[in-house]
Amino acid sequence: MTTNIILAGVGGQGILTIAATLDTAALNNGMFFKQSEVHGMSQRGGAVQSHVRIADGAIYSDLIPKGQADMILGMEPMETLRYLPYLKKEGWLITDTKPYLNIDNYPNEKKIFDIIESRSNHLILDATKIAKQVGNIRAANLVLLGAASHLIPLKERALIAAIKTLFKAKGDRIIALNLDAFEAGKQYALEHVDFSLS
Amino acid sequence: MRNIVLGDEAVAQGALDAGISGVYAYPGTPSTEITEYIIRKKKNESLNIHAAWSTNEKTALEAALGMSYAGKRAMAVMKHVGLNVAMDAFMNMAISGINGGLVVVVADDPSMHSSQNEQDSRYLADFAKIPIIEPSNQQEAYDGIRHAFKISEKHKLPVLLRLVTRLAHSRSLVTFHKPNKQKKLKFPKDIKRFQLVPARAKPQFDLLVKKQTVIRECAEDSPFNKLVIGTDKSMGIIASGLAYNYLMENFQEGCPYSVLKISQYLLPRKQIKYLFDNSDRILVLEDGYPFIEEKLADFFREDSKVIGRLSGHLNRTGELNPNIVAKALGIEQDFDEEAPKLVAGRPPKLCDGCGHLDTFNVLNEIKKDFGDKQIFGDIGCYALGALSPYHTISTLIDMGASITMAKGAAEAGVHPSIAMIGDSTFTHSGMTGLLDCINDKTPITIIINDNSTVGMTGGQESAALAKIKGICIGMGVDPEHLKVIKPLSKYHDENVVTIRKELNYKGVSVIIPQRACVRLPSEKKKEIRKILEAQSE
Numbered sequence: 001m002t003t004n005i006i007l008a009g010v011g012g013q014g015i016l017t018i019a020a021t022l023d024t025a026a027l028n029n030g031m032f033f034k035q036s037e038v039h040g041m042s043q044r045g046g047a048v049q050s051h052v053r054i055a056d057g058a059i060y061s062d063l064i065p066k067g068q069a070d071m072i073l074g075m076e077p078m079e080t081l082r083y084l085p086y087l088k089k090e091g092w093l094i095t096d097t098k099p100y101l102n103i104d105n106y107p108n109e110k111k112i113f114d115i116i117e118s119r120s121n122h123l124i125l126d127a128t129k130i131a132k133q134v135g136n137i138r139a140a141n142l143v144l145l146g147a148a149s150h151l152i153p154l155k156e157r158a159l160i161a162a163i164k165t166l167f168k169a170k171g172d173r174i175i176a177l178n179l180d181a182f183e184a185g186k187q188y189a190l191e192h193v194d195f196s197l198s
Numbered sequence: 001m002r003n004i005v006l007g008d009e010a011v012a013q014g015a016l017d018a019g020i021s022g023v024y025a026y027p028g029t030p031s032t033e034i035t036e037y038i039i040r041k042k043k044n045e046s047l048n049i050h051a052a053w054s055t056n057e058k059t060a061l062e063a064a065l066g067m068s069y070a071g072k073r074a075m076a077v078m079k080h081v082g083l084n085v086a087m088d089a090f091m092n093m094a095i096s097g098i099n100g101g102l103v104v105v106v107a108d109d110p111s112m113h114s115s116q117n118e119q120d121s122r123y124l125a126d127f128a129k130i131p132i133i134e135p136s137n138q139q140e141a142y143d144g145i146r147h148a149f150k151i152s153e154k155h156k157l158p159v160l161l162r163l164v165t166r167l168a169h170s171r172s173l174v175t176f177h178k179p180n181k182q183k184k185l186k187f188p189k190d191i192k193r194f195q196l197v198p199a200r201a202k203p204q205f206d207l208l209v210k211k212q213t214v215i216r217e218c219a220e221d222s223p224f225n226k227l228v229i230g231t232d233k234s235m236g237i238i239a240s241g242l243a244y245n246y247l248m249e250n251f252q253e254g255c256p257y258s259v260l261k262i263s264q265y266l267l268p269r270k271q272i273k274y275l276f277d278n279s280d281r282i283l284v285l286e287d288g289y290p291f292i293e294e295k296l297a298d299f300f301r302e303d304s305k306v307i308g309r310l311s312g313h314l315n316r317t318g319e320l321n322p323n324i325v326a327k328a329l330g331i332e333q334d335f336d337e338e339a340p341k342l343v344a345g346r347p348p349k350l351c352d353g354c355g356h357l358d359t360f361n362v363l364n365e366i367k368k369d370f371g372d373k374q375i376f377g378d379i380g381c382y383a384l385g386a387l388s389p390y391h392t393i394s395t396l397i398d399m400g401a402s403i404t405m406a407k408g409a410a411e412a413g414v415h416p417s418i419a420m421i422g423d424s425t426f427t428h429s430g431m432t433g434l435l436d437c438i439n440d441k442t443p444i445t446i447i448i449n450d451n452s453t454v455g456m457t458g459g460q461e462s463a464a465l466a467k468i469k470g471i472c473i474g475m476g477v478d479p480e481h482l483k484v485i486k487p488l489s490k491y492h493d494e495n496v497v498t499i500r501k502e503l504n505y506k507g508v509s510v511i512i513p514q515r516a517c518v519r520l521p522s523e524k525k526k527e528i529r530k531i532l533e534a535q536s537e
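So the sequences go chain by chain: A and B. Residue numbering for the first sequence follows the working numbering, starting at 1 and increasing by one per position. Residue numbering for the second sequence follows the working numbering, starting at 1 and increasing by one per position.
Calculated from the structure, these hints are not laboratory results. Wrong hints could be hidden among the right ones.
[To be verified] Here are the simulated lysine to aspartate or glutamate pairs, DMTMM-like style, with alpha carbons at most 25 Å apart:
| id | chain 1 | residue 1 | chain 2 | residue 2 |
| --- | --- | --- | --- | --- |
| 1 | A | LYS89 | A | ASP104 |
| 2 | A | LYS111 | B | ASP336 |
| 3 | A | LYS89 | B | ASP334 |
| 4 | A | LYS88 | B | GLU253 |
| 5 | A | LYS88 | B | GLU337 |
| 6 | B | LYS501 | B | GLU527 |
| 7 | A | LYS132 | A | GLU156 |
| 8 | A | LYS110 | B | GLU36 |
| 9 | B | LYS501 | B | ASP372 |
| 10 | A | LYS88 | B | GLU153 |
| 11 | A | LYS168 | A | GLU183 |
| 12 | A | LYS111 | B | GLU332 |
| 13 | A | LYS168 | B | GLU153 |
| 14 | B | LYS441 | B | GLU411 |
| 15 | B | LYS341 | A | GLU90 |
| 16 | A | LYS88 | B | GLU332 |
| 17 | B | LYS178 | B | ASP206 |
| 18 | B | LYS349 | A | GLU156 |
| 19 | A | LYS170 | B | GLU527 |
[Said to hold, decoys possible] Now the in silico label distances, taken between C-beta atoms and shown as ranges:
| id | chain 1 | residue 1 | chain 2 | residue 2 | range |
| --- | --- | --- | --- | --- | --- |
| 20 | B | TYR274 | A | ARG138 | 55 to 65 Å |
| 21 | B | ASN48 | A | LEU190 | 46 to 56 Å |
| 22 | A | LYS110 | B | GLY330 | 34 to 44 Å |
| 23 | A | GLY12 | B | ASN44 | 22 to 32 Å |
| 24 | B | ARG269 | A | ASP194 | 24 to 34 Å |
| 25 | A | LYS88 | B | THR175 | 28 to 38 Å |
| 26 | B | MET91 | A | ASN108 | 54 to 64 Å |
| 27 | B | LYS178 | A | LEU190 | 40 to 50 Å |
| 28 | B | GLU332 | A | GLY30 | 49 to 59 Å |
Ideal Cβ placement from N, Cα and C applies to all residues, glycine included.
Put together the whole structure using the sequences plus the hints.
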């Protein structure tokens with residue numbers, strides 16, 4: 001059984017932190033994973049994505065085949081749609097509401113959300129606002145991870161341990177803020193969608 | 001114990017555990033993280049090895065050969081186009097052979113994610129007549145480089161380890177094994193083979209040709225090549241490197257066809273012969289150029305049993321993926337090919353506050369006088385100057401070509417002829433071009449963007465740090481026509497005047513816009529400022 005997750009965003013939005021959390025948690029859980037990422041020029045404010053595959057056995061491809069992602073987790077709504085061909089018909093779209101405006105031809109926002117809402121399984125949340133409420137505006141990525149955690153085949157314990165490991169060097173206060181952001185995202189999702197239907 | 005590592009890092013740890021005494025490299029996506037990992041380890045664990053950036057790939061490879069000559073294991077690391085720069089050394093060390101194990105790690109970039117071409121390094125290893133290891137996953141990258149050092153010493157030849165972007169930049173779990181000790185200093189028994197005068201080179205080349213049989217047999221017996229016999233004889237499949245994963249992704253429960261996985265070359269003739277004799281058709285899957293397919297296909301395609309990229313069953317260019325392979329296998333798939341139409345492109349941009357932006361603004365104002373076709377660009381973040389919204393540079397070919405192309409254009413009668421190059425690119429491959437300009441008194445204006453780091457690959461140490469002025473003057477640039485300017489918007493008008501004035505000079509002018517890369521940590525910027533201040537005193 002393989003779970004395929006595409007992380008989508010713009011260079012600098014914290015995709016690699018989410019990816020590293022999932023990798024570390026998968027290791028802690030005794031699972032296998034492959035996780036591809038983008039380095040180089042695109043990291044300069046360009047579109048970036050990471051393919052994360054978690055399984056209980058060996059995984060072949062580093063890339064998720066089109067039509068086989070269980071979830072796209074987007075830091076940014078248009079970037080979430082960029083990878084739509086990868087999503088299974090019943091796959092989940094989970095995205096932050098906030099557009100990242102560094103291009104002149106950014107599309108009409110309403111049209112973006114219309115497409116997202118047309119999918120049977122979606123969750124749109126203002127992760128930046130929730131992150132701000134818990135006191136760390138930079139932790140929007142952890143809010144999103146928390147919201148998505150219901151669909152990730154890893155124990156919550158392992159995810160929390162991974163967050164602690166990854167932020168260890170930044171001290172207890174930053175760890176606590178990130179854990180709060182994770183928890184807030186998780187709660188928000190519980191209150192707004194019913195994952196058991198998927 | 002399983003460790004989380006990038007493909008690049010698996011190679012790095014594998015090389016350390018193979019007992020290398022040194023890594024020599026020039027940064028280039030997607031190979032950079034290999035050397036970064038070893039530099040970091042050396043610093044954190046006080047390892048007794050050489051780990052530092054070289055000025056270019058040729059100096060790197062030659063230094064690695066020197067270390068090998070002295071009996072120790074050495075690794076040279078570069079991206080695919082870097083191997084072109086190192087090619088002279090690469091070809092000739094195959095003739096001389098090596099002493100301590102020497103592995104050249106080259107990361108190819110099919111689909112050109114971060115490169116100007118997608119050349120396949122397997123052709124260059126084939127040209128040099130040396131073995132290739134092409135790992136298909138992170139564990140094989142770790143095990144593969146250790147194996148590469150072994151066969152390098154067995155055949156007394158350099159070995160190419162070929163990576164591609166998708167493996168270099170993908171993380172997974174890797175088990176490390178017991179490390180080897182470093183080798184002791186030990187000269188080659190026969191130093192004549194390192195003296196490539198014709199009389200000594202000729203027998204060495206004959207020897208290299210003769211060795212091919214043994215190298216092929218070594219690949220036929222290699223644990224990195226695997227033939228699994230299938231039940232369906234209508235097709236046999238050859239899959240090399242990452243293509244093997246894309247194949248098996250489509251056959252999770254096992255593949256009905258016979259499959260030959262190739263991760264070590266020369267091509268294993270024995271196994272390929274079996275496939276030919278026992279399959280109606282042969283599908284070749286490889287990430288890169290159709291290297292294997294070309295070797296196996298019938299030239300006239302009159303009796304072509306072999307299909308792949310050349311026959312049109314797969315895309316001729318660009319990387320493979322599981323969907324492309326599924327299509328070639330005739331497996332039905334259900335997905336939308338394209339993202340929704342409204343999704344706009346989001347290309348990379350220069351960072352806010354980047355000094356290159358200020359230089360672009362100055363040049364864009366100046367070029368209103370003469371048009372869009374006379375600023376010759378180079379490789380680095382400022383290559384973005386070719387794109388919207390900047391449209392500053394008119395050409396971009398290879399490392400160092402800005403200066404030499406501007407030179408040729410000037411000599412054809414183009415005036416003004418302007419070159420724009422970065423500090424690290426200048427020391428990598430621009431200095432020799434500058435010397436040509438000075439010797440020929442070419443009327444040219446060379447702009448050396450000095451951000452005091454290798455910016456595009458993530459801020460590695462620049463070989464040019466605090467040396468550009470000295471190099472230019474030492475080579476013979478008239479100090480009157482060497483100007484250091486500050487690329488900041490508040491000096492815009494002043495900088496326009498300075499450059500305009502130099503455009504009128506009928507000789508070599510060098511302008512150095514100098515400001516540290518905005519992405520460097522502030523302590524690093526302070527350190528650079530101090531070094532530069534001490535130099536100007």
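Against the structure, the hints come out as follows:
In summary, the hint linking A:LYS89 to A:ASP104 is not supported, as the alpha carbons are separated by about 31 Å, beyond the 25 Å threshold. For the given pair, A:LYS111 sits about 19 Å from B:ASP336 by alpha-carbon distance, which is consistent with the 25 Å threshold. For the proposed pair A:LYS89 and B:ASP334, the alpha carbon gap of about 9 Å is at most 25 Å, so the pair holds. For the hint pairing A:LYS88 with B:GLU253, the CA-to-CA distance comes to about 21 Å; that is within 25 Å, so the pair holds.
Taking the CA atoms of A:LYS88 and B:GLU337, the gap is about 13 Å. The hint holds against a cut of 25 Å. Among the hinted pairs, B:LYS501 with B:GLU527 is inconsistent with the structure: their alpha-carbon atoms are about 33 Å apart, more than 25 Å. Under the criterion of a C-alpha separation no larger than 25 Å, the hint pairing A:LYS132 with A:GLU156 is consistent with the structure, at around 23 Å. Under the criterion of a C-alpha separation no larger than 25 Å, the hint pairing A:LYS110 with B:GLU36 is inconsistent with the structure, at around 44 Å.
Of the supplied pair hints, the one linking B:LYS501 and B:ASP372 holds, its CA atoms being roughly 19 Å apart against a limit of 25 Å. A distance of roughly 49 Å separates the Cα atoms of A:LYS88 and B:GLU153; the hinted pair therefore is violated under the 25 Å criterion. A C-alpha spacing of about 18 Å is found between A:LYS168 and A:GLU183, which places the hinted pair at or below 25 Å, so the restraint holds. The suggested pairing of A:LYS111 with B:GLU332 is violated, with an alpha-carbon distance near 31 Å, which exceeds 25 Å.
Proposed proximity of A:LYS168 and B:GLU153 is contradicted: the alpha carbons are some 43 Å apart, above 25 Å. For a cut-off of 25 Å, the pair hint linking B:LYS441 to B:GLU411 stands: about 10 Å separates their Cα positions. Between B:LYS341 and A:GLU90 the CA atoms are separated by roughly 21 Å; this keeps the pair inside 25 Å, and the hint holds. Between A:LYS88 and B:GLU332 the CA atoms are separated by roughly 15 Å; this keeps the pair inside 25 Å, and the hint holds.
A hinted pair counts as satisfied when its Cα atoms are at most 25 Å apart, and B:LYS178 with B:ASP206 does not qualify at roughly 38 Å. As the CA atoms of B:LYS349 and A:GLU156 are separated by approximately 37 Å, the hinted pair breaks the 25 Å bound. Straight-line distance between C-alpha atoms of A:LYS170 and B:GLU527 comes to about 24 Å, which keeps the hinted pair within the 25 Å bound. Checked against the given bound of 55 to 65 Å, the beta carbons of B:TYR274 and A:ARG138, roughly 58 Å apart, stay inside it.
Judged by the Cβ atoms, the range 46 to 56 Å given for B:ASN48 and A:LEU190 holds: they are separated by roughly 54 Å. Judged by the Cβ atoms, the range 34 to 44 Å given for A:LYS110 and B:GLY330 holds: they are separated by roughly 42 Å. In this structure the hint that A:GLY12 and B:ASN44 lie 22 to 32 Å apart at CB holds, the actual value being about 26 Å. Range check, B:ARG269 to A:ASP194: about 60 Å between beta-carbon atoms, so the 24 to 34 Å window is missed.
For A:LYS88 paired with B:THR175, a C-beta distance near 32 Å keeps the hint of 28 to 38 Å intact. A hinted range of 54 to 64 Å for the beta carbons of B:MET91 and A:ASN108 is consistent with their spacing of about 57 Å. Judged by the Cβ atoms, the range 40 to 50 Å given for B:LYS178 and A:LEU190 holds: they are separated by roughly 48 Å. The beta-carbon spacing between B:GLU332 and A:GLY30, approximately 35 Å, falls outside the hinted interval of 49 to 59 Å.
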